[in-house]
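Trainee: The primary structure of each chain is shown beneath.
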Amino acid sequence: MRIAVLSGKGGTGKTLVSVNLARLAGNSHYIDCDIEEPNGHLFFKPALTQKEEIKVKMPVVDHTKCNGCRKCIDKCRFNAMAYIYNKVLIFEEVCHSCGACSLLCPEKAISESDKVIGEIQHGTSDMVKVSSGFLNIGESSGIPVIRQLLKQKTGTNDVIIDCPPGSACSVMESIQDADFCLLVAEPSIFGAHNLNMVYELVKLFNKKHAVVLNKTMEGENPSEEFCQTHLIPILSRIPYSQEIAKQNSDAEIIIDTNPQYRELFAQLLENIKKELAI
Amino acid sequence: MKQLLILSGKGGTGKTTVAGAFIKISQAKAYADCDVDAPNLHLLMSQHVNPEQKDFYGLDKAIINQESCAACGLCAQYCRFDAIQKNGKVYQVDSFACEGCGLCDEICPVKAISMTPCIVGNLKMYKAKDVFSTAQLKMGNGNSGLLVSEVKKQMKNNKPENTHLAVIDGSPGIGCPVIASLSGVDMVLIVTEPSLSGMSDLDRIVKTTHKLQVKPAVCINKYDTNQQISNKIKDYCEKEGILFTGMIPYDNMVIKAVNQGRSIMDYECEAREAIKKVYQNTIKHIELTEEK
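Chains as they are written, first to last, in my numbering: chain C, 1 to 278; chain X, 1001 to 1292.
Check the hints yourself; a few may be wrong.
[What the hints assert, rightly or not] Derived coverage of chain X by chain C (criterion: at least 3 residues anywhere in the stretch with Cβ under 8 Å from a Cβ of chain C; other residues may be distant): (1) 1032–1043; (2) 1098–1108; (3) 1237–1246.
[Claimed, not checked] Sample of chain X residues facing chain C (criterion: CB under 8 Å; computed from the structure): (4) A1070; (5) G1073; (6) A1076.
Worth flagging that the hints you see were computed from the coordinates, not collected in a lab.
The beta carbon of each residue, even a glycine, is placed where N, CA and C say it ideally should be.
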């Protein structure tokens, strides 16, 4: 079973939920798709087994062949090329590696070379296989890193996918082949507003889904009200506690030392399996 | 006009709470929400006027005209984004995966592909005595960097005269929308939290600001949830030569204020006093920077 954990809003507890679920499932595979700010590895402290560079194609102009026709510049819809001082210049930051310029150049003056945009690290932590993606500083799109992360063969093990915040392309990419989407929400109108966005996203992609309410406390919970209005199942409530907040901030896996939280996450995993069976 | 951008690297550290408070304290005449993936600032800044709204178009996306398509499969073969799939006998474009490069349109031997305008978001502007520019990207879409640039442009083009300071709420992460939000701003305030995750993310966002040559300052929110890591963050800032502008305690009042749709400045509490100090320390330095 492949479970994607997402939230819309940042900091609601995606990594807390993903890491503890993966640990509890035992023989599982934790995949950190929050490639801009990956944090799961801080909790698992995996023994590194393998590193993989992620590359994209960048155009390279052979200026001896270029006759200055500027077809490449006309055809580049990302405005990643310009003709300056009688030379084609490429702005790598905005290039999407679509390959149009090299394919369409009438003089065959453009070839492609590899550019490293990030890295994937694989490791193990007890029985959990841990794979984390890291986007290099200054790169704008991590989609190729996420694609490569999710291509791995995982066998029959349970897979937990820790998604990026938001509801844009990178989140969509991360949930694409998930069997189940777990939405983590906090008790604020910010939390509820962003829950609404990811709820729309998982509905659009016809994904089975349910909510975990994190940091619950006394008083109103706009996210809970949202679930009730839209008849979204709530599979677990994780109460706010200073002690847990502290342990989590020290990147400790809370179920390792707190039996009552182990029980809570075990129940959550049971509830997910039940939802999947429906 | 000086532009102050609020970022965090890690999500949920309190960017919007701090941005909302800064707007109140400074009585900023221009402000914007660049977190187009998950905008929330409008929930704090109650507006008395109706917004001007505009559709935001991303790049044109490919559509295959099934009547002229010869099903040769060349487009699917060359598409680098796996955006063209064969469903039964017909080829179809997945508009979410299509990045709008137009390569398929160029190579189709029977000209069956057309590039079609596509609405990927919505821009809003509230304009009264002050101007508030915001936007929402439609879910599952790319182009967030372009939309962020539009939000900033809209704010700049409509700012009242004598606007000295613009406050911009940013998005989490270090990618596309963050990079777009960084261009042209005078200073970044990074709101971090005392956790190992927060610290790791802080380092990545600091490096991103260096790469884009924008001066960063740092403040810690909920500092008392882990005093030891708060100290480590202060040490980190000192070592890296980054301006440290203060610490805000964990305060239940913050969530209460948010759920009332109000700024924390409207409530007498510890967090409010701490944010005021952070504001003073930050503003002192932005005044000293040369305007871009």
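Trainee: Compare the structure with each hint and give your call.
Mentor: Comparing the hints with the structure gives:
1. 1032–1043: holds (count 4)
2. 1098–1108: As far as the segment 1098–1108 of chain X goes, the hint holds, because 7 residues have Cβ atoms under 8 Å from chain C.
3. 1237–1246: Violated - the segment 1237–1246 of chain X has 0 residues with a Cβ nearer than 8 Å to chain C, which falls short of three.
4. A1070: violated (19 Å)
5. G1073: Violated: closest Cβ of chain C sits about 16 Å from G1073 of chain X, beyond 8 Å.
6. A1076: Since the shortest Cβ distance to chain C is 14 Å, the answer is violated.
Violated hints for the displayed structure, listed by number in ascending order: 3, 4, 5, 6.
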